[in-house]
Structure formats: structure tokens, C-alpha cells
Amino acid sequence: MARINLDHIRHAYGEKPKSEADYALKEVHHEWNDGGAYALLGPSGCGKTTLLNIISGLLQPSEGRILFDGKDVTYLSTQQRNIAQVFQFPVIYDTMTVYDNLAFPLRNRGVAEPEVDRRVREILEMIDLSSWAKKTARGLTADQKQKISLGRGLVRNDVNAILFDEPLTVIDPHMKWVLRSQLKKLHRQFGFTMVYVTHDQTEALTFADKVVVMYDGQIVQIGTPAELFEKPSHTFVGYFIGSPGMNVLPASIDGSSIKIGEETLTLDYRPQVAAGAKTELGIRPEFISLSREGMPVSISKVEDIGRQKIVRAEFAGKPIAIVVSEDGEIPAEPRVTFDPAAINIYADSWRVGREG
Amino acid sequence: MNKTWNNKAWFMVLPVLLLVAFSAVIPLMTVVNYSVQDTFGNNQFFWNGVGWFSDVLESDRFWQALGRNLLFSGIILSIEIPLGILIALNMPKKGLGVPVCLVLMALPLLIPWNVVGTIWQVFGRVDIGLLGRTLHSLGINYNYVNNVFDAWMTLIIMDVWHWTSLVVLLCYAGLVSIPEAYYQAAKIDGASRWAVFRYIQLPKMKRVLLIAFLLRFMDSFMIYTEPFVVTGGGPGNSTTFLSIDLVKMAIGQFDLGPAAAMSIIYFLIILLLSWIFYTVMTSSDEQA
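For the protein sequence lines, the chains are A and B, in the order given.
For the first sequence, the residue numbers in full-length UniProt numbering are 1 to 356.
For the second sequence, the residue numbers in full-length UniProt numbering are 1 to 288.
Okay, chain A solo, but in the shape it has when bound (with noise of 0.2 Å):
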């Protein structure tokens, strides 16, 4: 278990990038601290796996150092890191048995056999598969496969830290909900290290304290959920945390006035915002009531999807929407009314701070 480092790290995969488009990873710098659990959450290829990759040392940043505990690990193998990583999609050893594919690790680290067989029948029984010890891992199904994957990198308890790759892909949803809380529990219990990379903001939320989102190679917020979801730091998390999405729109700010198409917005503080950058208003769609007073809206379409309506809208000829209780009337002339303190303000998709 370790504190890890990333120093100023940059990736790019061609020899000699030329502009900051080539990097894969734009600089990353950051602590993460010992013993804690976090999720790398965002869309496909801005560089989460880059990130896991390079932590564990399958690759070499192009530059910046990594430490664990305060020493360079940046030129160590994966093997004198001493990391664990599960892959998103299952690798087995197909030749040898369920039992065998779970002792490997420790084995090839000279493990005592009596101490194998301990660590190997406790992750046995948590992946639920004593009863296939003796069986080649051959004739498995896909997420039995991917279980012993997974109980591949949780049978060393001595390692750094636990890095997974989105490892929950192939497993069916009943199954992913079981997996995870037993990593939750693993994690309370054991206090690893754990980075959980993943693009389903659920998994993200539910596995991690600190939830890292990235985008286009670099981390644009790093926060509890909570703070993810209230005071997005950039309007992708705004747009990628949440279902749906916060309402971004257009806006032009004077002062602590703010103006969307005609309608005008007067906040309680004085955005600092730099002459020239394109300004946005964001408001999640929970923070949007709708009465009969306030600013009008059409509507285009409502969406029942259960405990909650969502409704489709224009409002200043933007499309926004608006989450309306299950029992919520929906008026005819339908007009809303922001709640002030949920108001979040974008200069260049950059949100602007209440103390700025």
C-alpha cells in the first residue's frame, strides 16, 4: 500500500509529439493518497487507460516521474512496483486450473505453498468458485473467466496498489452489482490502494470516495460525487455526471446580471470573468422548477421514465431539461425559475467561482 505520485506526467504514443494535440495524456499531476479508493471515469480514449497503464508500468510516461511513497518508481517494472491490475477483458492461463490460475502470482513471487493455499481458498471463496478449483479455466463463461481475473490481482495482499481497467464490462448486471460491493468490502477491510477505471458514471460514483474525471488527456475534476454533481469544475463533468446531463447555455454576463436570449438572471455574487471568453450558464436539470411563474419555456416532449418525468423544453431557443416529480403538474403556459444556488458560471467551459 502506498501514497502514489504522478509528477507532471505526460504521454504521447508516436517518437517526438509536436503539438499538445499528439499527447495521448496532457500533463497530470497529482497525489493519490494511501489507502484510498478512486474512480477514473470518462468517455472513451481521453487517456484513462493511459493513466492505469502508466501507474503500473506497462508504460513509460514520454515525461514527469511517478513516486510511490515518496521514491521514483518512473524506470521499475511493473514487477519491482509490485502492482496488481485486472484488464477488461478476461486473460486466463488456459492450461492450467481455476486453483493454479489464482496461485500463479504468488507462486512466481516465491510465495510459501501453505501461504498460497490460504490466499487462494479466501479468494475462492469470495469469487464464489471453490467448487471449480480443480477444473481447467477453459470451459468457463466469459464473466467466471473475468472472476478470476479479478481474483488474480486481489491474492497478493502486499501490493501498492490495485489499478482496474474497466473490469466489470463483460459481467452480467446482477453480477457487476455483487463484484463491486465485494470490492467495496475488500477495500474497508484491507485498505488498498484501489484506481477504478471505468466509463459508467454508476460504477464510478458507487466504488469510489474521489472520483477523477477525465477528458481529451487531462483531469478536469477531481472530487467526492457530491461535488461532481453540484459544482461541476468544467461542463463536460456537468454534461457527463448525471442522468440527463446539466443544461449548458450560452449566456453574457454583465456584472451579477446574466443574460440568455432575453431573459435576464441577477446572481447574489460578481463572476470574475475574462473580457472575450465565451460565458455559460449551467443548472442541472433537478434545480429547474416548473410553475406557472417565472420564465417562459416550450415544451417539446415529456419522458416518463418512472419515479420522475423528464421534460424536454426550449427555453431562449436552447433545448433544456427539466426533472419533474412523478405527481408534478405540468401547466399549460409552463414557465420555470432556476434556484439561484445551483447556478453554476463557465468562462471557456471553465467554471467561474463564487470567491473569484
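Honestly, the hints are just simulated from the structure, not real lab data.
There's no promise every hint is true.
Below 25 Å or equal to it, Euclidean Cα-Cα: the simulated DMTMM-like pairs (lysine to aspartate or glutamate) are [claimed, not checked]:
(1) B/187 to A/34
(2) B/187 to A/63
(3) B/93 to A/158
(4) B/206 to A/94
(5) A/210 to A/22
(6) A/185 to A/34
(7) B/204 to A/94
(8) B/187 to A/158
Derived CB-CB ranges, DEER-like [to be verified]:
(9) B/106 to A/71: 47 to 53 Å
(10) A/65 to B/192: 25 to 31 Å
(11) A/191 to B/192: 27 to 33 Å
(12) A/128 to B/192: 27 to 33 Å
(13) A/72 to B/161: 48 to 54 Å
(14) A/65 to B/198: 34 to 40 Å
(15) B/161 to A/63: 45 to 51 Å
(16) A/173 to B/28: 56 to 62 Å
Don't be surprised by glycine CBs; every beta carbon is placed ideally from N, CA and C.
Starting from the known structure of chain A, arrange chain B on it as the hints suggest.
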């Protein structure tokens, strides 16, 4: 499910049936025909039962040739398979080296058998051959024409030169189909180079290796052209393989009956051995 039966469908397979009949079944049956009959000329044949078969099976000549075949196949398989795997493992996986290596590997395979034979026949000659003369000037007494060991060495090296590429290419195809994640996982699991080979690469190459093994076995067991061109079966009878002996018997001595019997026995041996190899090598799959 309602299946409609229409016997006219049999006509659809008729062309293939005819083709196979003329290209395989009828020639094979003529051989069978010769093998059970005897003649004193004038195109008059009479029944000889299994006489030729017992003649062949009782002759030392047959068993010695069979022994040479088995020895030859055994030696070249035990060189070509491990060597092929070794080369395939060391071939580049990406970049400019890939096409270069693949073309270099494919070159020997593109050369016709008798040309390969001629190349080596000349290459090894003591008077004008590059290899033969070089060895001589180094003081090594090499002569494939009158030394049994040298003749065998020449044939084996020639076959290795000609056919290892096939094993390499097949193994390489097996290797490149292994996803990168396997190697990454092996690194994470702390696997040694040997363990990676034993538990990842070898199992993934198993199927192509089976094919390589069978192809090389059958081909080497039927080897004819190269020894015929290089040594002509000599010195003495030391490189007279079944195929060479068969041609001597059939065309040289015009003993059609024994030659036919021998070719059937030869065919059955190849069939039997291939079947045994195949069964043994795939049986571990079914246990899983």
C-alpha cells in the same frame, strides 16, 4: 421443421463426384488392381491375392527403407519444430521488420523441389560447390557422394533450410493472434519469460503447431525429389527412402505388382501415423 426431400439434389453433387472419381478414386483403384494381380506380359493378368503384399512385407529392402524414412522424419521434425518456434518468437511484431522477415521466410518455400535439390547438389559438390570446396579447404573431408553421414547431413540441412520457414510462418500467425493484454497480465503476475512461453504462447500456438507437425511429417515421410536429385538414393542404398525405392521398382524394374502393393502399404502407413498423431495431439483438448 418440415424438410422437403428431393432426390434430384443428388445430381448437384454429380460433377464433384465425377471429378473426384477421375482424379483420385479411379487411379487409386488401378493401383489396387495391380497390387493383387500378376502378369507375364501381353497384357494378360491373373489373380495373385495378397502375394505381393506378403513379398513386400517380408523383404528387408522395404523395412530398411521404412526405417530410413522414420529416422529422417524424426530428425527433421525434432529440428524444424523447435527451431521454427524459436525463430517465430524472435521475429518482430511490428514495424518495417515484419514484411522483411516474412518475405525472407517465405523465399525458400517458393522454390520448386527439384530446384532446391539442384541448388544443394551444386552447393555441396567438392569440385565446384561453394560449401563443398570451402569445407575441403578447411581440411574437413566432406563428400556426400561417397560418405553416408555427409549425405544424410546434406539432406537434413537442405530440408531444414527449405521447410523451417513453414513452421515459422504458422507459429508466427499463432503468436500475433495473442492479445496484448495477456502479456500485460503476465507482467503484472510476475511471470518469467519461460512461464510466458509455457502458459501463454505455447497453448496459443498449439493448434498451428499441430498443423505444422502433421504437414511436415507427411511431407518429409513422402520425400522424393530432393534426395533423388542430390544423392539419387546413395551412397549405396543409404538414402533410398520408400518413395525412391518405389519409383525404382515401378519404373526402373517395371515390377508393377510389388510396386502397387508397396504404394498401398506406404499410403496406409502415412494415414495411420497421421491419424495417431492427430488423435494424440487433440485428445488433451477434449479432456478440458
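Do the hints match the structure? See the list:
no.	hint	in the structure
1	B/187 to A/34	23 Å, holds
2	B/187 to A/63	23 Å, holds
3	B/93 to A/158	34 Å, violated
4	B/206 to A/94	12 Å, holds
5	A/210 to A/22	29 Å, violated
6	A/185 to A/34	17 Å, holds
7	B/204 to A/94	9 Å, holds
8	B/187 to A/158	17 Å, holds
9	B/106 to A/71: 47 to 53 Å	50 Å, holds
10	A/65 to B/192: 25 to 31 Å	28 Å, holds
11	A/191 to B/192: 27 to 33 Å	30 Å, holds
12	A/128 to B/192: 27 to 33 Å	31 Å, holds
13	A/72 to B/161: 48 to 54 Å	50 Å, holds
14	A/65 to B/198: 34 to 40 Å	36 Å, holds
15	B/161 to A/63: 45 to 51 Å	48 Å, holds
16	A/173 to B/28: 56 to 62 Å	60 Å, holds
Figure legend: structure checked against the earlier numbered hints; hints not met, in rising order: 3, 5.
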